[in-house]
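*Asks:* Sequences listed follow chains F, S, X, W, A and P, in order.
Per the working numbering, the very first residue in the first sequence carries number 142; after that it's consecutive.
Per the working numbering, the very first residue in the second sequence carries number 142; after that it's consecutive.
Per the working numbering, the very first residue in the third sequence carries number 142; after that it's consecutive.
Per the working numbering, the very first residue in the fourth sequence carries number 142; after that it's consecutive.
Per the working numbering, the very first residue in the fifth sequence carries number 142; after that it's consecutive.
Per the working numbering, the very first residue in the sixth sequence carries number 142; after that it's consecutive.
What the hints contain is simulated information worked out from the structure, not anything from laboratory work.
All C-beta atoms, glycine included, are put in the ideal place defined by N, C-alpha and C.
Treat the hints with care, as some may be off.
[To be verified] Computed, partial: chain A to chain W, Cβ under 8 Å:
hint, residue
1, R295
2, I330
3, R331
4, E337
Here's the letter readout for the chains.
6 protein chains.
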Amino acid sequence: MNLHALVRAALDEDLGPGDRTTEACIPAEAVGRGHVRAKQSLIVAGHGPAAEAFRAAGERMGGACTYAPLVEEGTRVERGTAVARVEGSLRTLLTGERLALNFLMRLCGIATHTAAHVEAAGGLVQVVDTRKTTPLHRALEKHAVRCGGAMNHRYALFDGVMVKDNHITAVGSLADAVARARAVNHHLIRIEVEVETLAELDEALGTAADVVLLDNMSDEDLAEAVRVTRARKPSVILEASGNMDIERIGRIRGLGLDLISVGGLIHQARWADLSLKLDK
Amino acid sequence: MNLHALVRAALDEDLGPGDRTTEACIPAEAVGRGHVRAKQSLIVAGHGPAAEAFRAAGERMGGACTYAPLVEEGTRVERGTAVARVEGSLRTLLTGERLALNFLMRLCGIATHTAAHVEAAGGLVQVVDTRKTTPLHRALEKHAVRCGGAMNHRYALFDGVMVKDNHITAVGSLADAVARARAVNHHLIRIEVEVETLAELDEALGTAADVVLLDNMSDEDLAEAVRVTRARKPSVILEASGNMDIERIGRIRGLGLDLISVGGLIHQARWADLSLKLDK
Amino acid sequence: MNLHALVRAALDEDLGPGDRTTEACIPAEAVGRGHVRAKQSLIVAGHGPAAEAFRAAGERMGGACTYAPLVEEGTRVERGTAVARVEGSLRTLLTGERLALNFLMRLCGIATHTAAHVEAAGGLVQVVDTRKTTPLHRALEKHAVRCGGAMNHRYALFDGVMVKDNHITAVGSLADAVARARAVNHHLIRIEVEVETLAELDEALGTAADVVLLDNMSDEDLAEAVRVTRARKPSVILEASGNMDIERIGRIRGLGLDLISVGGLIHQARWADLSLKLDK
Amino acid sequence: MNLHALVRAALDEDLGPGDRTTEACIPAEAVGRGHVRAKQSLIVAGHGPAAEAFRAAGERMGGACTYAPLVEEGTRVERGTAVARVEGSLRTLLTGERLALNFLMRLCGIATHTAAHVEAAGGLVQVVDTRKTTPLHRALEKHAVRCGGAMNHRYALFDGVMVKDNHITAVGSLADAVARARAVNHHLIRIEVEVETLAELDEALGTAADVVLLDNMSDEDLAEAVRVTRARKPSVILEASGNMDIERIGRIRGLGLDLISVGGLIHQARWADLSLKLDK
Amino acid sequence: MNLHALVRAALDEDLGPGDRTTEACIPAEAVGRGHVRAKQSLIVAGHGPAAEAFRAAGERMGGACTYAPLVEEGTRVERGTAVARVEGSLRTLLTGERLALNFLMRLCGIATHTAAHVEAAGGLVQVVDTRKTTPLHRALEKHAVRCGGAMNHRYALFDGVMVKDNHITAVGSLADAVARARAVNHHLIRIEVEVETLAELDEALGTAADVVLLDNMSDEDLAEAVRVTRARKPSVILEASGNMDIERIGRIRGLGLDLISVGGLIHQARWADLSLKLDK
Amino acid sequence: MNLHALVRAALDEDLGPGDRTTEACIPAEAVGRGHVRAKQSLIVAGHGPAAEAFRAAGERMGGACTYAPLVEEGTRVERGTAVARVEGSLRTLLTGERLALNFLMRLCGIATHTAAHVEAAGGLVQVVDTRKTTPLHRALEKHAVRCGGAMNHRYALFDGVMVKDNHITAVGSLADAVARARAVNHHLIRIEVEVETLAELDEALGTAADVVLLDNMSDEDLAEAVRVTRARKPSVILEASGNMDIERIGRIRGLGLDLISVGGLIHQARWADLSLKLDK
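Turn these sequences into a full structure, and let the hints guide you.
*Replies:* Here it is as structure tokens:
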């Protein structure tokens, strides 16, 4: 479901057969202008779906209302800053307002939360996201993560191979699972395998896996995992995950890991506060 | 977009042309069983979309995997509790796992966060949600709010009238806006109007509005608003909103308000932690 | 399904893989003009879907044809009046003609039939429609009802509560059914309950119901129901229904009822006669 | 849009995010039974969409309710006859009731209205319908026409060629228009051309047209048209149309025409009266 | 599924959540120009879907790229000829390139392969296609057949009647099958019946069939079938099929058949070679 | 568009409002059985969509017809072999027949054509496909390629990076293009770059590219490219493409290349011949 379809389905959810308040109060030909303002310090993300929300509302209400960004995505703004101007059909503006803000507030929240993690990493290790995303919002949420300065992990089940604990349980052997994954996936896909102990890491380094995910290890085991891997198979990429937060990232950023993946960039983020007021 | 369509579109987002890992590692005919467990104290919500996620995955992967709830929606469980059992095709189980958990973790998070607000209200005032919901997830999120013990406000723009600040600005008069709304909406719809001052409340009580939303008022003004309204027009329903959190709800719960609406039930909730492990 | 989607699906129904006659006879680049004329006295309704039909045809046939209304919706015109002009690609005009007229003829028929009922009511009671509408045409038909001067009842199952005979049979008690409905529906929704006797009315007035539907009562019972209700609970809104036609509306319009609902505004209306001829 | 999709879209129109009354009043597990009865003499049509409406409602409400026809399509029944039994989930039954009846009442109305025309034709001439059908309901309405004993004309723009007045105006010549239509349409498609005078009939008989539509002619001209055509080109099929009603069909049925097409079979039909009551 | 929907679904197949190479390498605002060239002698077909592919890519990538045909459909060009120019957003151009070429190469291949058959027929008999087409590509492939100079047979199951061997087996009698088909199909549809022997032809000529398909007959039997039919029932149209290729068409073109249908126009065609290179 | 949706859309293309022949000739309740047989030596592929075609037809025609494979996918069978049995509703069988065969004949053709290339490679080099696939049929065609014994290349634009000639032209530098691609793509995606000369290969080996595509090189240059690469950067994977056919694959299979990609596996394949006959 691309952005065009997502926003139209979302507008249907809120608008259904019509906006009882706006259609009753506002004449079809009325026009006006307003601004979206940050009500807290935040990093901007979400102009795309916000603009699309007003386009979709315009199609349904029969009058255009444009959304003009005033601040670029990925920029930090302080409380009170106008981040966008909306102008045109008042019916469209009032009907599209909530949907646009629902996208913006979520995405600014994720970008702002992500930025704190990236700052903690201090450029010493790459912070990446996971597949723990809100259903149907993955592209938007991964975009917000990039606005916050982090990188994305694989997008979905189809553009990377991750052999995880349940796969290994099902197959019965880490090495077999990796071998099967390598055998049928094309040559542009790398294979990642998850390990939870140093013993499993040892097994993983004996396979064709290109990347190893160190899951739920102690700081000490992470340090040892880096040493072992760099010595034995330096081409392997090392990713750590499990209970990663800002404080711990600061503590382990210098261990020599390549990546730390943090689901909480998205799922522990709260919405940022923004509002839209008509100019009087 | 009903649940059936939502879940299938969401599965497409994650699965696209296929699950590179699972299809490579797991034979089509393999079967297994696992449990979804709470990794923190939480209130259960989301069995519906979780079950649907496995049904959808079964359609795509060609083998059924059933999701059997072990705890009823709305129940608090402690860390370690198994909340559901999944059993059937291993390919389906592993492919549907992330999507099912993404729904469950979000909705348990909302129900748990809501419950804390309801407890603060102590049965003295009704806590309700708002239209600040994740696009396309409104029905699910409003259901989670009910699992947490709160009530829902109107569903969308089509099943209630709320004359808000921007409508009044656009029309130029609170009384005109309410009159227009009453004139063209059917007799089963009540009219709510938003006020920010006691002077506006005074104007609102002179209209046909059935409900008044007291927005962003101080505790003192809320108390005065209740006194004025009960004396002058006792049939009017009073709702308060704006910067409501658990602490403030506890403070104002005894003022005599009918409802407190809290967007943060949903937008300040973080995902709860649950995981799915295959039985070994 | 909004108007855009409805019209495109309807065009697909008629056009399928192509218009065998028009594509064979008319060059792609030919242009022309025609007029839609009333062939009887009627009230105009349906410019919206008619214009959309030509837009949809233009997308499929590759050439625009505009539909310009010459008479406003809700206006009565006499036989021979040109109600719209169509101009542009001849292929589009000829392919879209039937679909546009099928919408227009239906909706003008409903508006014209409705107007006769409103005239009979003489401003003494409000005439409203019901949910007896053509599947997928509800928004259009309810719009035509307003063009004919009547008001709409609730739109659908989701924007009002009506406890009807079958609900009461299923629950076993009118009072219980009303209480359940009030308990879980939000505060902007009023509750209506259907009664068929004065004894049931008596029970209804003891509940939280805001509106009572007097169904299939004699004129005498309707009069008594008004007297009883106004004396006992004047805030209750009274609606009558069942076998209402123009003659009876004229007879009971002075009884003091608030609303008379008439399914026949829509389901007993015949298509009005209009045609589209190319200017020569 | 096939029946499955049509009925689901129609249910969405009425149900949207939920049935406020039924979900509040009726427990999810309650079951019951009811009957659909004719409230007037009518010919039965529409079991298909009625049954599908309950299937669709069952998918949304989570409990099956079966619709069992008690009278075959195309049968005349008298007032009071039970035409179907519904049994199963009460939520599903009550939610699907209106949609099912909206289909049934429309289609029984068309079948009943059609049958009166067929009776008037007395087997001496074939009565057929036209493309004047309710958008998205064509297949159902044409089925109801057959239930009423008449035949269908072409289904749509793609399964027959009809060169009509506007085509001839656009091309500038009846003969050229027919020649173009024949040149590019495949050999299983016959060509029909519309004429309004005996002079045009003369021109039409000189072309490759297989069928001639005699539009808006007087009874005398129709009779003459039959004589001329049978003498000159007996393989040509003759169809008459324009202001055809039951009275006129009775008058001209013996003229020797092959077909009389009547848009009013569908667009002048009113809904028949049927209701669904729960068994007590 | 019309062209607009087909092309967008096809773009989704290739683009999914994004073009990893183009979005990484090319700035959003970069523009450029290129040409599509034939790399072999071929007949041009497919400008329509090629242009639509770039339109669809533009919607997804956020920048327009126009496709301008330089050679008309149905024209033969030699190796090296530029058949179209593409110009605009480089991201759109590079993302849409493969999809546009996949349509063009297929359709030029079919047109070119068809032309060889038409040449072999030498204007003595009509070459037509069949329903052996690529699912969802029928309209495009039948268009390519016309670009190659042949005619189309019926489009699909709904715009013609063909009583084939399996229908006759199921019914048990050729004559019964034809009679049933004639009884319920409208008067603008002709009936075709398939025969494999001269005895079956004899039976077919005794029915109301308008067209006879002579399937898998020897050259001698085809000649005899023509003689018999012309003598006995000259209004019947004769079509031959079964193992028809260029060589055999040349051999039997003078037998007096009306039509030869050749599935291989489409299913034995290979893609023609074309490429798109950016102007440097 | 997954298989379920693809097959239903494809059935709509052929069936539209109905199968005029089958519905006229065959009673709704008639049942029967038939077999699909190979009419040439071929490799079987396509049971999946064939079975789905009969399921889809059953939904539309109202009676199930099962498709039971008799030979496994990927198996070579000789002329006359029954590859599947179909049994059930005769209407469904006859309506679904053509669609099922259109899938099967195409896919068997691709599998059979692919197998000849794989045999030529003799196990010395991997044969893979390309993105030159029929729009909306990519998953099926790539499956047929695997049935024929070859491997797949990347699925689409989203699961691999290929920096091709037009990307390099647009960027202006091979090295810059590769660097940009590496910078923003996640760590499970390998980067491939296309070169046409040994000088370009030299540049490519100085970048982070994991794979090099040797496009349109002579046999001698391919040999030299292998030598240079193995000596300088043995971890690089080498793929050759451009004008690859069975004869040339046989000639260059021993050069030490890792992969040869061949668009012609799919786009030069003709449909294999299979037919479905009812058992008598």
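*Asks:* Work down the list of hints and note, for each, if the structure agrees.
*Replies:* Structure-based check of all given hints:
Proximity of R295(A) to chain W holds as hinted, the smallest CB-CB distance being about 5 Å (cut-off 8 Å). The beta carbon of I330(A) is positioned within 8 Å of a beta carbon in chain W (closest approach about 7 Å), and the interface hint is therefore held. For R331(A), the shortest C-beta to C-beta distance to chain W is roughly 5 Å, which falls under 8 Å, so the interface hint holds. Interface restraint check: E337(A) against chain W, minimum CB-CB distance 20 Å, threshold 8 Å, status violated.
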